[in-house]
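2 protein chains.
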Amino acid sequence: MVRTAKEMGVNHYENMRGGKLAVDAAKFLEAEESYGAGSFFGRAVIPPGGSIGYHQHTGEYEIYYILEGTAKVVDDGEERILCPGDMMQCRDGSSHSIENVGDKELVFLAMVLYNHNQQ
Amino acid sequence: MVRTAKEMGVNHYENMRGGKLAVDAAKFLEAEESYGAGSFFGRAVIPPGGSIGYHQHTGEYEIYYILEGTAKVVDDGEERILCPGDMMQCRDGSSHSIENVGDKELVFLAMVLYNHNQQ
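Protein sequence lines, in the order shown, are assigned to chains A and F. Under my numbering, the first residue of the first sequence carries the number 545, and numbering increases by one thereafter. Under my numbering, the first residue of the second sequence carries the number 545, and numbering increases by one thereafter.
Isolated chain A, as found in the complex (with noise of 0.2 Å):
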């Protein structure tokens, strides 16, 4: 199955879990073509100086692999700036953030996984 860029429909949130701005994002695959692996696959935009808030994974996890841009996120307190090519993940009961600290947008793919391993 194919899906280009142009067919993924973009979602705009406002305040994102308490954060600055907004967010817009597309989703790559719908979590019912996941075969039950997560919830959420999308590629994210938020504009410079937006951000999505501080905010825990329970029984799930997420990742996040920037693309363009500069992020300053937040991984269970400690503070980290992320640029192209790299990732953070949020570990199952963890909590995070992420802010574009940079001037232009900050892209990046966001993706929640349930925690498999789980009784």
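In short, the hints are calculated from the structure, not lab data. Please note: incorrect hints may appear among the correct ones.
Identical chains share a label here; the pair holds if one copy fits it or two copies do between them.
DSBU-like, lysine-lysine: derived pairs with alpha carbons at most 30 Å apart [as the list claims (entries may be wrong)]: (1) K550 with K571; (2) K564 with K648; (3) K616 with K571.
Remember, it's a predicted structure, so these values are computed and weren't measured experimentally.
With the hints as your guide, set chain F onto chain A.
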């Protein structure tokens, strides 16, 4: 957990799955870090003229998300040209291949996830 691009070791595969030339793949997440979700999470680079040969996935599926370059994929016999931002999913039981048909490096994310819906 943060892993920068520089911290991802690169593995070199010649004639992968019977394909042409070689593939360099850097794992952004190790399989054992994926909470049982899948077996491969990487960034792959194929030089012009290179390819990964046609192969089947059983009990699992694979996602290719194109980052740079131009790919010709075959998805269960159907040829498509993919550009940056495009995605292909080789579904459980299907076969696929990917070839760099451009004049620059083809860069894409590849993820092999298990079919969690099967009995």
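Status of each hint after checking the structure:
no.	hint	in the structure
1	K550 with K571	both (11 Å within a copy, 28 Å between copies)
2	K564 with K648	within (16 Å within a copy, 38 Å between copies)
3	K616 with K571	both (23 Å within a copy, 22 Å between copies)
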